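Protein chains: 6
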Amino acid sequence: MTLIRQLVNQDEFVGFYLLKEVEVKQTNATPPKDYLDIVLADGTGELPAKLWDASSVDKEAFFPMGLVKVKGLVQTYRDRLQVKIMQIRPAKPEDGVKLTDFIRSAPISSTELIHTIKQVIADISDQEIKDIVTFCVGKVEEKLEHAPAAKSHHHAYFGGLAYHMVRMLELGEFICKQRPFLNEDLLKAGIILHDIAKPEEMVAQLGIVSEYSVQGKLVGHISMASNWITEAAVRLGIGTESPKVLGLQHLVLSHHNLGEWGSPVQPQMAEAVALHFIDAMDAKLQMVEDALNTTPDTEDWTPFIRGLENKAIYRLKF
Amino acid sequence: MTLIRQLVNQDEFVGFYLLKEVEVKQTNATPPKDYLDIVLADGTGELPAKLWDASSVDKEAFFPMGLVKVKGLVQTYRDRLQVKIMQIRPAKPEDGVKLTDFIRSAPISSTELIHTIKQVIADISDQEIKDIVTFCVGKVEEKLEHAPAAKSHHHAYFGGLAYHMVRMLELGEFICKQRPFLNEDLLKAGIILHDIAKPEEMVAQLGIVSEYSVQGKLVGHISMASNWITEAAVRLGIGTESPKVLGLQHLVLSHHNLGEWGSPVQPQMAEAVALHFIDAMDAKLQMVEDALNTTPDTEDWTPFIRGLENKAIYRLKF
Amino acid sequence: MTLIRQLVNQDEFVGFYLLKEVEVKQTNATPPKDYLDIVLADGTGELPAKLWDASSVDKEAFFPMGLVKVKGLVQTYRDRLQVKIMQIRPAKPEDGVKLTDFIRSAPISSTELIHTIKQVIADISDQEIKDIVTFCVGKVEEKLEHAPAAKSHHHAYFGGLAYHMVRMLELGEFICKQRPFLNEDLLKAGIILHDIAKPEEMVAQLGIVSEYSVQGKLVGHISMASNWITEAAVRLGIGTESPKVLGLQHLVLSHHNLGEWGSPVQPQMAEAVALHFIDAMDAKLQMVEDALNTTPDTEDWTPFIRGLENKAIYRLKF
Amino acid sequence: MTLIRQLVNQDEFVGFYLLKEVEVKQTNATPPKDYLDIVLADGTGELPAKLWDASSVDKEAFFPMGLVKVKGLVQTYRDRLQVKIMQIRPAKPEDGVKLTDFIRSAPISSTELIHTIKQVIADISDQEIKDIVTFCVGKVEEKLEHAPAAKSHHHAYFGGLAYHMVRMLELGEFICKQRPFLNEDLLKAGIILHDIAKPEEMVAQLGIVSEYSVQGKLVGHISMASNWITEAAVRLGIGTESPKVLGLQHLVLSHHNLGEWGSPVQPQMAEAVALHFIDAMDAKLQMVEDALNTTPDTEDWTPFIRGLENKAIYRLKF
Amino acid sequence: MTLIRQLVNQDEFVGFYLLKEVEVKQTNATPPKDYLDIVLADGTGELPAKLWDASSVDKEAFFPMGLVKVKGLVQTYRDRLQVKIMQIRPAKPEDGVKLTDFIRSAPISSTELIHTIKQVIADISDQEIKDIVTFCVGKVEEKLEHAPAAKSHHHAYFGGLAYHMVRMLELGEFICKQRPFLNEDLLKAGIILHDIAKPEEMVAQLGIVSEYSVQGKLVGHISMASNWITEAAVRLGIGTESPKVLGLQHLVLSHHNLGEWGSPVQPQMAEAVALHFIDAMDAKLQMVEDALNTTPDTEDWTPFIRGLENKAIYRLKF
Amino acid sequence: MTLIRQLVNQDEFVGFYLLKEVEVKQTNATPPKDYLDIVLADGTGELPAKLWDASSVDKEAFFPMGLVKVKGLVQTYRDRLQVKIMQIRPAKPEDGVKLTDFIRSAPISSTELIHTIKQVIADISDQEIKDIVTFCVGKVEEKLEHAPAAKSHHHAYFGGLAYHMVRMLELGEFICKQRPFLNEDLLKAGIILHDIAKPEEMVAQLGIVSEYSVQGKLVGHISMASNWITEAAVRLGIGTESPKVLGLQHLVLSHHNLGEWGSPVQPQMAEAVALHFIDAMDAKLQMVEDALNTTPDTEDWTPFIRGLENKAIYRLKF
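As given, the protein sequences belong to chains C, G, H, A, E and X, one line each in that order. Take 1 as the starting number for the first sequence in full-length UniProt numbering and just add one per residue. Take 1 as the starting number for the second sequence in full-length UniProt numbering and just add one per residue. Take 1 as the starting number for the third sequence in full-length UniProt numbering and just add one per residue. Take 1 as the starting number for the fourth sequence in full-length UniProt numbering and just add one per residue. Take 1 as the starting number for the fifth sequence in full-length UniProt numbering and just add one per residue. Take 1 as the starting number for the sixth sequence in full-length UniProt numbering and just add one per residue.
The shape of chain C in the complex, shown without the other chains:
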């Protein structure tokens, strides 16, 4: 079975893939003919595909986010690869393939990531901070198993958000050792809470964001997390204006650093400054690592990366 990333022009191939998108459209022939406009995907990438002359059965048989077996030919259309589908059918139980094998995922399993996060929470020494963090994580616990960290910017895959948290926690632990004046409870709590509302800000399935939720657009994950901390305080009987509550809200509200990047206040606590840079460094380096991993070894340059001033990354060889 050929991985999407390995397909080149003129390849004929047979294999199982994720039917990421499918829509019935019409050619502009006379009379117009129906065809299926498809996006095939696996964990290594995705490609547009066409099933010309779709029958009525075809039009009923396929739905987005299902698995399919495809026989196809790779062609070039407007300078980009596109699959002409020869044969296609939905996967059957006896094929023994499962969805999670066909999506892009964090390199560590969700189970392990969430275990690590819970361990870090358990190690928070201040009880009120621990309770607030627990309350907020509880709001999205199920979704955290698969939520990506962003729509396309960085960590945009199954478990991406939890993976982002865990790498940031590692970096945070190092920084706290290097600079002991930082309050480790606050920094850990800030790392876990900073993007905690993202699973409710975006509608995602299998790590793929389809759109922003109404709440995500009208309120945004930064203010949502601040509101959750207030809700936690009210429900847990902690003063809504106590230093801990204000501190955690400040960490969340300021982590994008500037107003034009979405933060209504700028970092004004040592841990808030640290949180911003830990977040930025982890996100940017992951973009670089992911871009290098998904660029064929024969290419010296990755594609342009929007989150890096739209620059491509070069593989220096010597």
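Calculated directly from the structure, the hints in this document are not laboratory data. One or more hints might be untrue.
Intra- or inter-copy, both count: the list cannot distinguish identical chains.
[Unchecked claim] Taking lysine-lysine pairs in the DSSO-like style, the calculated list, with each CA pair at most 30 Å apart, reads:
#: 1; residue 1: LYS151; residue 2: LYS311
#: 2; residue 1: LYS92; residue 2: LYS33
#: 3; residue 1: LYS118; residue 2: LYS317
#: 4; residue 1: LYS50; residue 2: LYS143
#: 5; residue 1: LYS130; residue 2: LYS59
#: 6; residue 1: LYS50; residue 2: LYS84
#: 7; residue 1: LYS50; residue 2: LYS98
#: 8; residue 1: LYS311; residue 2: LYS244
Please read these numbers as outputs of a predicted model, since none were measured by experiment.
Chains G, H, A, E and X: place on chain C using the hints.
Coordinates of chains G, H, A, E and X only, in the frame set by chain C:
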């Protein structure tokens, strides 16, 4: 008694004034002498003043925000007017002067302004919106009687915030009549809530802001108001993610329009667009009106107004 | 007869429409075939359409901005609706349809709008201001009946400019009542003059702008209006540097507020500040109202609105 | 007689100078003493000066922009040179000194500059362009003899505007030879008209701008020049929308290149692009030349130049 | 033979052209057919072209940057001209056509341009500056014969860089005469060195840039030229921190004026200020001249020019 | 002996201090009197001081950066502390005080820091990279013992640059472990080279920068380091365009990330992205740590920190 605004160079005067600031300082003579560095104020303006050769009694007798009787001489120092104090004493009960006569105030009494605001709240037809607004106003009810709308930008005087609200409500009522597709309940609630946390964001006395509170710096009035709406919902048993709660939070969060002006989300409801422009127009026109009112009639130009791209306003005469 | 806005995929329909654009093009078949590339429109919207296999007669029969009777089928092409034309012929006198029924118009008739504007001019108490305004309006009187207020930004339809003026005049009247220090003559004149050169800045037919005029590009409507005021003064024997002339020019020149928005000077008169905000508020709220009106009731979100930081507007329902 | 630029700390000197500013002020001694706060100037620079213990006669004897004979001592006050005046008296006729010897001037005489400009106008081949230019120059003919080109930015001295025009005309002539597709009449006219309204935008005496005029603030020299071209056309019977009028207005309106620099339209004619760069290059190189000329030879770096991104210029020696 | 620029819709033509790009692609017919997707060019412009039904021989016969004889038909596709190729064959020796006749070139021959540049170098009076300039020019001597000055911005044709240098040297000579305080050696050297690394920054053939080199992306032509000057100094035994070396590096490093335009330092020498404006003026005026030259005489407006704030240029006629 | 940081208003004290600045000035008394305007400093801060009535001996006895014994009185002048000097004399050998005890220093000794840096260089596995780094470090080896990392922004003290390098190397080592795809040789070399030219860009003594050098202003440390790498390559016989040389130059040139922050190219290698964030994070967290350390424990807020968007940092206590 001469008003501050009317004093000119070489005037000798006697009168009661507010001692807005007072500090003991030392000249660089040898040996150094103590003097009192003072700011005198009344409802029409303020002037720096010096009491040279301050006695030990003088140094104990005066405190900021008290009323004093002053005999003084107006001089010019570095191109600006400054009062040389001849005699000064604290006001006594028998002088019959009271603080509120010496501060800058909104042109309508606080009592009347707050009555109007309460009337508008009473007229909100949706019970949940009315309850949330009532809860949030309740948090600052006492301070609303005197709170200014800003530190110096606009409506920076006793009752300024309530006055800003009431003028905006008038404008909002007109706009709702002109464009009936707007939801009047939402717009009124948005007007009342948009700056409702300002009395807790800034520390003010008699309409004069001395500094921002810790909460004001770390969280800011926009996010504070959003958090209060969440707290109201939790305490009132309204769903924290119900459309009304999201809508009110959106109005508050987006009213500065752009991220660089402090709004984490941009207006995405008709009422939010209206709220932003009603707020901006009322604030800017009030700056203009106040600048013209406090500029002597003999001057064609007001001073530069920071909130108006630092432009001065011209009195066109014809 | 089905309105454009109501057509959905697979609809077959017959009706009269405006042929907004029509061009002969060729398919890339061998040999190439001629077809008509068409835009059909009515007051509710517009759709691309194709007449495949256009005969020589077809190629001669149709011209832009004419009315046609069409039998068509709605299809989807590249995710957007497109009409496949089955039959098409020009409208005939006996069809009893008239152009103005098929274009997007202001909700109030041009006759009524212009009557209102003239009434306001008649009420200006200062004779010189009234004469200058009359002179400038006289330059575009005929075009004012149909001119839009912009190419696509806001009020982009038949009578849009006059409608924008009238709503601004209503708002201006309210503001003058709320803040009596404003000079009502100046504000009204400013409202009428601020966009008065737009009908000469853009080439429009039936409320649809096809392009900017040479004068529009080289001088722009803001400087054109300033020049017209000078011309009026010279021709009417009013001093070109008299306060009224400078005041009116300042209102026009500063109404975009900032240099990067096209204003060579910033507002420095109270009425200029008011004019800018009245203009901005009316334009933005009309964008919102028009976007909501042209979005199907089944949709929660309007399309993105370029003039509103490219945000979509949400219909909050509760 | 020592030139201002040559004075150093501890110098005692006697000489004639321009009394650029003079004001009666008071020390904060008890009782306060009157002193004269003065700015002394000549063509090479200016210095603050104090006449301590000013007598009633002194206070009446001096007025700004008069010539005086001074005996003084140079001191250092807050890191800057300042003159302590020992003796001072107004210049008398028999002293044989004249004002224009004491002000900063263009290196070429006004008479010669204006002669050159008139010669260039005479050489314009298109009669209508020549007439419009003549009309506009006629409006400021007298002031052109002394007007500076700016308040402080560049060419801020007696005859500076005419000097700027003449150097630009030289450069324009070269460019027209190098690139013959440029229309020389338009470019010359554009150079002469681009700043022609500056003498009315600013109030200047002896090449020193004291403030902007009301018209300068409300309309600005760019729009004033555009209005003058309209006035010229009306009075000369040239069509106000003829290509020549639009072309000249475009040159004037676009010469600051960007909206944020004050141009309501951007250059859209070849001559307008040339005009902008000729203007910019001449202004910036003159700033550099003037800064180098007024910096003592012993200094390697000029002071910071605001118009050059606030950079200082280095004298490279090798 | 018809020039590309003269072709209009429905023209049938025969002639020789440059095959600027060629690629085998497939139609989306069933089964897909191969066709050649081609860009035809000559010195006056370029057009897309298609050879439908390409045979196996066709697919082997053509390569980019070769000359071909074409019989074609001009059609309109998506509002743009496109050539349908009837017949095509590679040019043969007996056709007597040569590549350089079919590319866009500077209006002066490379031989002449390079001769002029060498003459200027020979006239530099300082021996060390002359040696450094000679060393750097030596690095790209061969490429200078054909290198363009940019990928698409300005002077994007055969010999464009040398042409840009020569016109700048003319302008520089004039400026040095007008302002004798400028050091002519430094300014000339700066003009020759400022873009000297461009032939190594971009990969170009026949004046057409295909891409940036790795060095061009990672280091950029500005820092490359600075490094070359260091290399020259080391190899020529000139002090790497001597004033001349620093001066030349400063000229090169600062010539883009601002950090956001790629200059790590801002101009701080008189010659650096002059160099920046000479460079900018020559580049912009050449954009204008080239745009006017390649726009049909029947068009009043050129296309939008990206390097001129995306404005089009108008041909004023009177 | 009282530390500068501990002095409060009205304190009388005796102790040894660093005479950071000293200048003879004159009072504006008649006749003027000479006084010494002084800045006293130790490792904890600095204060302005005055020696009134300076004798001729006093005026000769003191020079900047010398140690002095002072008896003084702390006063308030214009809201800031200032020392009135009672007695002052230069320190003598028998006082047993040494300069380095009175300056602000990195918390780790220079010897130790430089030892660590050399150890890291020794561990670079690629010989050419090691040689280039060694060459560049060799250029500033002596100055590295005391050079600060910036004039005032961050690490502005004795040994600050070496301290910045060492902390960055620790962080770089952690990141390379966390993300093994990074090339550790390149990242370490980039960290050591990124600011290596700073000791030549600024003129510093005892960790205090007095000004930028000519080379620092005209070329800047970023381009200087790039030039040094070229020089190293030439002298060591390594290809000036070899991948290693380009890679190291890219790391140095891009480390400020954006053009407006001084980088002529943006990061386009994984190690360059990492370098930028390691540099930014270390600089910002050190600013925070230093601000907290030098703010009295009784203060909740540090002063505003220019390098942190001019925000103050809050000490959250709970």
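Hint check against the structure, violated hint numbers in rising order:
Numbers 4, 5, in rising order.
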